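J.: The lines below spell out each chain.
Protein chains: 4
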Amino acid sequence: MVKAAVMKEPMSEVVVEEFPYPEMEDGSVTLRTIYSEVCGTDVHLMNGRLAGVPYPIIPGHINVGTIEKIKGTVRDIDNRPFQTGELVTFFDVHETCNKCWYCLVAKATTRCPYRKVYGITYSVSDGLCGGWSEVIYLKPGVKIVPLGDELNPEEFIGGGCGIVTAFHAVELSGIKLGDTVVIQGTGPVGLSAVTWARIAGAQKVIALGTPKLRLDMALNMGADEVVDIQSLNSEERIERVKELTSGRGADVTVECSGNPQAVSEGMRMTRDSGSYLIVGQYTNAGDIEINPHLDINKKHLTIRGCWGFDFSHIYKAIQMLKRFRGEFPWHKFISKIYTLNETNAALKAVENLEVIKAVVRPN
Amino acid sequence: MVKAAVMKEPMSEVVVEEFPYPEMEDGSVTLRTIYSEVCGTDVHLMNGRLAGVPYPIIPGHINVGTIEKIKGTVRDIDNRPFQTGELVTFFDVHETCNKCWYCLVAKATTRCPYRKVYGITYSVSDGLCGGWSEVIYLKPGVKIVPLGDELNPEEFIGGGCGIVTAFHAVELSGIKLGDTVVIQGTGPVGLSAVTWARIAGAQKVIALGTPKLRLDMALNMGADEVVDIQSLNSEERIERVKELTSGRGADVTVECSGNPQAVSEGMRMTRDSGSYLIVGQYTNAGDIEINPHLDINKKHLTIRGCWGFDFSHIYKAIQMLKRFRGEFPWHKFISKIYTLNETNAALKAVENLEVIKAVVRPN
Amino acid sequence: MVKAAVMKEPMSEVVVEEFPYPEMEDGSVTLRTIYSEVCGTDVHLMNGRLAGVPYPIIPGHINVGTIEKIKGTVRDIDNRPFQTGELVTFFDVHETCNKCWYCLVAKATTRCPYRKVYGITYSVSDGLCGGWSEVIYLKPGVKIVPLGDELNPEEFIGGGCGIVTAFHAVELSGIKLGDTVVIQGTGPVGLSAVTWARIAGAQKVIALGTPKLRLDMALNMGADEVVDIQSLNSEERIERVKELTSGRGADVTVECSGNPQAVSEGMRMTRDSGSYLIVGQYTNAGDIEINPHLDINKKHLTIRGCWGFDFSHIYKAIQMLKRFRGEFPWHKFISKIYTLNETNAALKAVENLEVIKAVVRPN
Amino acid sequence: MVKAAVMKEPMSEVVVEEFPYPEMEDGSVTLRTIYSEVCGTDVHLMNGRLAGVPYPIIPGHINVGTIEKIKGTVRDIDNRPFQTGELVTFFDVHETCNKCWYCLVAKATTRCPYRKVYGITYSVSDGLCGGWSEVIYLKPGVKIVPLGDELNPEEFIGGGCGIVTAFHAVELSGIKLGDTVVIQGTGPVGLSAVTWARIAGAQKVIALGTPKLRLDMALNMGADEVVDIQSLNSEERIERVKELTSGRGADVTVECSGNPQAVSEGMRMTRDSGSYLIVGQYTNAGDIEINPHLDINKKHLTIRGCWGFDFSHIYKAIQMLKRFRGEFPWHKFISKIYTLNETNAALKAVENLEVIKAVVRPN
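Residue numbers (this note's numbering), protein chains in the order written: chain F, 1028 to 1390; chain P, 1028 to 1390; chain W, 1028 to 1390; chain R, 1028 to 1390.
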């Protein structure tokens, strides 16, 4: 039997239940979970803020573990067969169809209507398809990425979901060699965006967030300057960014805050003819006011929304984690490790920003 | 002596005054004006809605005329010397500095803080630097474009300012072969955008505007479908666009309406992972509400503001007017021709949308 | 029983053989062939110039027909179920894996090593997987595109393989509104490139090719100027292009000739800082000499190779054929129609450039 | 009087001559030279391999010095007036016209036919317009860049011309976060390209060059792997790169070698659908053979030539040198410092690859 934490419906306590070990289809794999992330998304799931979730579910979309069983032959992207015992993670998005207009014509696979996500859009009835479980069932075709000896479980799960989300965001933001960059937000996505912007060749990275704990971490992750959003009001924050950017604003701003008000502020922190990338507005937290003349048209501003990530992002992010291991302390994002029985406390801690990153260790 | 129409201050009548013939600096040219445009911008100037205008001014920023005098040798972009008597227009923007950070580092010359615009930011004391005048003084370095025998004055001034503004907008919008395109607005910019989108390889061009006169013109200018914004409310217009685009919305939407509310509507008319270009918000007409989660982030939308145009746009637009002369009736945009003494009536007609394009014939 | 033309091995006569009607897998479709193309590639197949071809094969990779049988439900890109009797074509490339590094990380699906092509890389033992056959077997997952009432069989097969290849090439070439464009070659790919460049907003399209029959067709397909390559030597051709482009060379040149020597010539026909797209070098016809200093580095030239096409290209090309039906006479590319028994003659005619396009009508 | 080293004609000894102190025009500046570079280009000048050079000239196009005199007010890009005594460099390219088709329509300013270059295309009769001189005359409009306290003379001149050339090359090469990158050549341009590629977010940087001294420097400048081109033949080098890149070749290759044969080799070291940037072919060193089918078309390769640099590149490169001061030892490129009387020896040392970088200290 396998123990897993189940979210039965929004606003109810997560409970641990027992399930039979997965019956394996050909091409499937089971993972003995080492860590599963507790993400801001899991708080949204608990609060019922995501549409179309097939409760009851086993949360946990970013995970690391060792391969326990393989049915048939399963290969990595370079065509090498996986072995039992390997340390791996997997791409939580599955069933991107490669048949629909969004997949094949628009080539916007993160907008494929058929995609499924482990820990979010799979129900308990679909199997052990979430990471808050001793064992995870990887259906045939789920894309598995080896961590090898080059990355330990903490280094990967520390960055977790945020590191990949931020990778996509920074790639799409168009940061170029020598740009000044503002990152709005110092949660796991924002902190990771700080590092990717630094690695991508920014001349200066300015992080806006709070509290001090996270701002200190931003400095460790490559920020040149930090601004505590508690200490300045919106106008003052915009002024501060301009002071740090020769009076012009950032070449590129990346929004990772989750606060809708950050969006209008971020436009105004960006220089004329600059670029603004919005990745933090993962749920609907309300409308905002903008001035299309001043904020967009006269500014000659480019704004990009960034949704989800695809396999290339998780693959490249892991390659880069391996390369920059040791230079940036992603593993220090982990503030606390919880057992399967403590996931309700973990959710609270994430909701209250008491931790940078909470992780579950089911075994 | 030279007669010119002078806008002394906002909200006052335009009056005709007499000025001495320009004293010419080396490298300067005088133009005998054939037509000068009455643009929506001129209505904004009359209403005092643009900042930093050095009233009194001679309006008229897009003009066509014949070269009357040349002091020294003045050459076109291909290094050919101009002759008196040639039919030409000129780029109204002058003194883009080629020295500042925006010109040289950002390469965003339309955001150069030193640029001056004929008919808008030159005062009467700077000389005959506006088109509502029998003669226009082209300072040394003003960029003159020959129309030759390939374009008559009506064909150029019909398109006028809108044709060049729309050229930049469509170029920047990233329309690709086979895209479905929505154009919001059927004024001179919108109608021109319809044509450029058609010429740029759109699979379907849908124009939204009013009244019927302009929608009929949109069909002449290359629209495949038109939607009268008076006949449907915002939700219905979005629905209509989706019906015309396999349920998804346009690949690219270009806002040319001047109405801030069009901006949120336009985002919702554009498909997921599509592109939205905002060029119509030339003055500050107020704030709007948007939902950053639904309208930008989850939509994976790209939004671009587009400000002004540079020499490449007027040069290429004229090359293309010459090439597509006869295929699209730009000259029919001219609804009425006014004398120098009738410019107040012309401004009223433009303000009341009684005309597509009003032009002044000073001589 | 079904009759099909079989190419048993390179350099041997194609012979007609009989095969049993396909046994259908779930999700498969049979097509009653109306037309199949005889492409330059088929001549290469006959001459044994492509590596890895599993002879014996049934040639014919671009085809049009009516759906005869459907096993289960098969849907189009918009999720609509196909009906028997519908007029359709299909994407000849199949089994692009969506699992390998090229598919998922590089997003260069035309370089997927697992892709298979109807009429080229399927053997007779794989089934009726080529178009020179009364019936074609569309394996589960083959992407079918409806032609509907908006396109008749001749309009599609006239353009054929070339129209889609050229669509990809012109899309990738980066032609922008107002560009001057040179197309090298006036075979089916070159003639199609002429039209796509015209539709994509070129200011001037110059086609270089031979003989007069094809140059006349180029003018019908949207060329502004044609140059007979027989009448001028290489230096003179370069000079002629410069004369037609203000002395500078083309903004964008698209090579569709198949002749390796065209490549160095094409670089020199393109202006400094322009773009050169190479799509015509489908087989290895030998090395050429270039001067990397003069032809690339000092020229600040961009050169792109273009291989194959993906589903988006065939889908969009067909949408555009429907839109521009009547404006460009693609169906006139068909010089002669051959029966299944006459394919050897068809191959000869294509090899000797006696036809623009030869097609096979198997039924 | 001012002493300067004069190259009277190709293949003759450089001699030191005396000139009167410059008479200053309004807006001009004189610089007391600290260092002037001896670049590979100076060897080409000595050997008469550049066309259109107006001998006699004072060589030295990249220079650092202190401002000695200012006539009138001269400002930096941020509009701050310069003071005497400031440590500065300047952009050697002057008189880019901002009027011609290449400047204004193509926006390819490095192809402007009117641009002049200090130390290369100014004759002695134009004034002290080269850096191998105690004093350099900066004509009105020459763009001066302050080094401030953030960069000492050695740190700037160490990188010198190569650092800016390589900045442009890497920017244009399109290196993205996580790419594997090959740099061909370990001269000053190649070594700088190694660093910019590293800073721009490469996952792995592989440098090919020789001798060991330079390969060791490449490792200091950020290379992950080096390959000594003397120890392997061309086929073996291609194999070695593939071994280091999962068998595929580099995502992006940047040619900085000056050897024409490197171009075909570089294409073959780059993965299918990758990018190849050519910046090292500054002079005409002969033709090469390529196979357009295998090397470009089937490979779906993008190739870009990169000519010169513009103000944005020198400005940003200096911003980045300031930011990454201390992390990369550009100043160690300086192998030897020569007096004005020793420039012939310096040229020999550069020609014989005895030094990484030779610099002249005129005062």
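Note that these hints are calculated values from the structure, not bench results. Treat the numbers as computed from the prediction; the structure is a model and nothing was measured. Treat the hints loosely; a few may be bogus.
Copies of one chain are not kept apart here, so a pair can be met inside one copy or by any two copies together.
[To be verified] Computed list of lysine-lysine pairs in DSS-like fashion (alpha-carbon distance at most 30 angstroms, straight line):
| hint | residue 1 | residue 2 |
| --- | --- | --- |
| 1 | Lys1166 | Lys1134 |
| 2 | Lys1143 | Lys1239 |
| 3 | Lys1231 | Lys1126 |
| 4 | Lys1126 | Lys1035 |
| 5 | Lys1143 | Lys1170 |
| 6 | Lys1363 | Lys1134 |
| 7 | Lys1349 | Lys1126 |
| 8 | Lys1170 | Lys1349 |
| 9 | Lys1349 | Lys1269 |
| 10 | Lys1269 | Lys1096 |
| 11 | Lys1166 | Lys1030 |
| 12 | Lys1098 | Lys1239 |
| 13 | Lys1269 | Lys1030 |
| 14 | Lys1166 | Lys1231 |
| 15 | Lys1143 | Lys1203 |
| 16 | Lys1096 | Lys1239 |
| 17 | Lys1143 | Lys1126 |
| 18 | Lys1166 | Lys1269 |
| 19 | Lys1134 | Lys1231 |
| 20 | Lys1363 | Lys1098 |
| 21 | Lys1035 | Lys1349 |
J.: Take the hints in turn and mark each one as holding or not.
T.: Do the hints match the structure? See the list:
1. Lys1166 <-> Lys1134: Intra 24 angstroms, inter 23 angstroms, cutoff 30 angstroms: intra and inter.
2. Lys1143 <-> Lys1239: neither (37 angstroms within a copy, 47 angstroms between copies)
3. Lys1231 <-> Lys1126: between (42 angstroms within a copy, 23 angstroms between copies)
4. Lys1126 <-> Lys1035: neither (33 angstroms within a copy, 34 angstroms between copies)
5. Lys1143 <-> Lys1170: both (13 angstroms within a copy, 23 angstroms between copies)
6. Lys1363 <-> Lys1134: Intra 39 angstroms, inter 38 angstroms, cutoff 30 angstroms: neither.
7. Lys1349 <-> Lys1126: Result: close only across copies, 22 angstroms inter versus 33 angstroms intra.
8. Lys1170 <-> Lys1349: within (19 angstroms within a copy, 39 angstroms between copies)
9. Lys1349 <-> Lys1269: Intra 35 angstroms, inter 20 angstroms, cutoff 30 angstroms: inter-copy only.
10. Lys1269 <-> Lys1096: neither (55 angstroms within a copy, 33 angstroms between copies)
11. Lys1166 <-> Lys1030: Result: close within a single copy only, 19 angstroms intra versus 43 angstroms inter.
12. Lys1098 <-> Lys1239: For lysine 1098 and lysine 1239, the Cα distance exceeds 30 angstroms both inside one copy (48 angstroms) and across copies (50 angstroms).
13. Lys1269 <-> Lys1030: neither (53 angstroms within a copy, 45 angstroms between copies)
14. Lys1166 <-> Lys1231: Neither: 43 angstroms inside a chain and 33 angstroms across chains, both beyond 30 angstroms.
15. Lys1143 <-> Lys1203: Only across copies: lysine 1143 and lysine 1203 sit 28 angstroms apart there, 33 angstroms inside one copy, limit 30 angstroms.
16. Lys1096 <-> Lys1239: neither (44 angstroms within a copy, 49 angstroms between copies)
17. Lys1143 <-> Lys1126: both (15 angstroms within a copy, 17 angstroms between copies)
18. Lys1166 <-> Lys1269: Neither, since 50 angstroms and 33 angstroms both go past 30 angstroms.
19. Lys1134 <-> Lys1231: The answer is between: 20 angstroms across copies meets 30 angstroms, while 33 angstroms in one copy does not.
20. Lys1363 <-> Lys1098: neither (35 angstroms within a copy, 55 angstroms between copies)
21. Lys1035 <-> Lys1349: Answer is neither: 37 angstroms inside a copy and 51 angstroms across each miss the 30 angstroms cutoff.
Going through the hint list in order, the structure does not satisfy hints 2, 4, 6, 10, 12, 13, 14, 16, 18, 20 and 21.
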